[in-house]
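Each protein sequence line maps, in turn, to chains C and L. When we follow my numbering, the leftmost residue of the first sequence carries the number 30, and every step to the right adds one. When we follow my numbering, the leftmost residue of the second sequence carries the number 30, and every step to the right adds one.
A couple of the hints might just be wrong.
Same chains, same label: a pair holds when it works inside one copy or across any pair of copies.
Below, a list of computed lysine-lysine pairs in the BS3-like style, where the Cα atoms sit at most 25 Å apart [to be verified]:
1) K234 <-> K112
2) K252 <-> K56
3) K115 <-> K234
4) K242 <-> K112
5) K242 <-> K115
6) K56 <-> K242
These aren't lab readings, by the way, just hints derived from the structure by calculation.
There are 2 protein chains.
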Amino acid sequence: MAYQSRVSDAVVRRLPVYYRHLLELEKNGVERISSRELGERMNYTASQIRQDINCFGGFGQQGYGYHVASLRQHIAVILGIDKAYKAVIAGAGNIGRAVAGYKGFERDGFTLVGIFDKDPAVVGTKCGSLMIQPFSELEGFLKKNTVDVGVIAVPSDVAQQVADQMVRGGVRALWNFAPVDIQHPDSVVSTHVHLSDSLHILTYKMNEESLFKNIDARQQAEKNESGMLS
Amino acid sequence: MAYQSRVSDAVVRRLPVYYRHLLELEKNGVERISSRELGERMNYTASQIRQDINCFGGFGQQGYGYHVASLRQHIAVILGIDKAYKAVIAGAGNIGRAVAGYKGFERDGFTLVGIFDKDPAVVGTKCGSLMIQPFSELEGFLKKNTVDVGVIAVPSDVAQQVADQMVRGGVRALWNFAPVDIQHPDSVVSTHVHLSDSLHILTYKMNEESLFKNIDARQQAEKNESGMLS
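Only chain C is shown next, with the shape it has when bound in the complex:
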């Protein structure tokens, strides 16, 4: 049976945000922070932060607030980024190359061990220190080498086929950049990067003020109309 998560998606989504802010505080030389101050930085309440951390057995608050470096390390363990991972990328286009060059990859314990593409013009050329291999080698490579994470950076129409090869090759996780849902067994986990979500939040913010002016005007008109009718 598939493993059932013990914490809500909302809590899981906040963990990386905590991590980012704590990393930033640590870089800026902040040693201690109260849960109230930490909450204000992120638009969360202090009690939400405490509750979230308590989902994972709690974390001692000694004296004034949290010790930034210790809490950051504690959350790193919760996020599993205290471990080492091997990853391959399918697709050596702009997204695949952006991921290959992504500095956070190495910081979080990832080693890129292979990159694959179907285009004969790029196969055999270098991406960073790796030689780009043909797609036809992907499954065999994964069967010979233990790889944890497969990055899907191919067009939508081949994303499922690439995911299937990665699963058959034994990856435990898929990081999907293709704008299409992919199916995989419950034993494999995945996350999906949706560029559109962040773009849509941006357009929402650009328009919110005029949106509510329209909503208010419509509701006022409806009120007036129902007043006239009654």
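Chain L: place on chain C using the hints.
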């Protein structure tokens, strides 16, 4: 004074998810869907969906459930993607080129009108149908042309400087891909794409089962120890 949002960040973050799922349902030829079924697809409750939609003046549910295409169009208006936008990209590296080639951009009403880079080796070459211009031209270009959105796809160390130029040039919104927080006036809105958040959710999911085994074992050990002491 800066505009104060009337809805919570959590509601705003769910809107693009609704939009994606409705678009997918519409593509698959689904005409109507109940709020319960829609909720199940997305791991939200039916009442949460109704509440979220009510934040924006409500949406008529006639007979059985929602009419998919109408609700999708309604949410498109809320998200502001029924309008047309002009965008420029700063940085013609892998991320900048990935955004330039991003199909959702055009679907959501965006027209890319300029792309800029500092590297003399790429300035003057083509990215799609656009000629890459030098950074030195960015601010002047923005002052001559009305541009809504500036995409920041440059390294962290120059992200703030590029954002400042974009703001002085008159953009209304910044889409930031640099892994650093940028400052801007309240009159400008921004969203920040954090690749690390999605990677950290992936590593969390890979490790959750063993994490809770450790937490349970530790709590059991503490219980046993306190039992022996009492």
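* Is the C-alpha distance from K115 to K234 at most 25 Å within one copy, between copies, in both cases, or in neither? -> between (38 Å within a copy, 16 Å between copies)
(Q) Within a copy, between copies, both or neither: which one fits K242 and K112 at a CA-CA cutoff of 25 Å? (A) between (50 Å within a copy, 16 Å between copies)
Practice prompt. First find the shortest C-alpha distance between K242 and K115 inside one copy, then the shortest across copies, and answer within, between, both or neither for a cut-off of 25 Å.
Written response: For K242 and K115, only the inter-copy Cα distance (23 Å) is at most 25 Å; the intra-copy one is 51 Å.
(Q) Within a copy, between copies, both or neither: which one fits K234 and K112 at a CA-CA cutoff of 25 Å? (A) Result: close only across copies, 13 Å inter versus 38 Å intra.
Checklist entry - From the Cα coordinates, with 25 Å as the cut-off, is the pair K252 and K56 best called within, between, both, or neither? => result neither (55 Å within a copy, 37 Å between copies)
Checklist line | Intra/inter-copy verdict for K56 and K242 if alpha-carbon distance must be at most 25 Å | finding: neither (42 Å within a copy, 32 Å between copies)
Hint violations for this structure: numbers 2, 6, all remaining hints satisfied.
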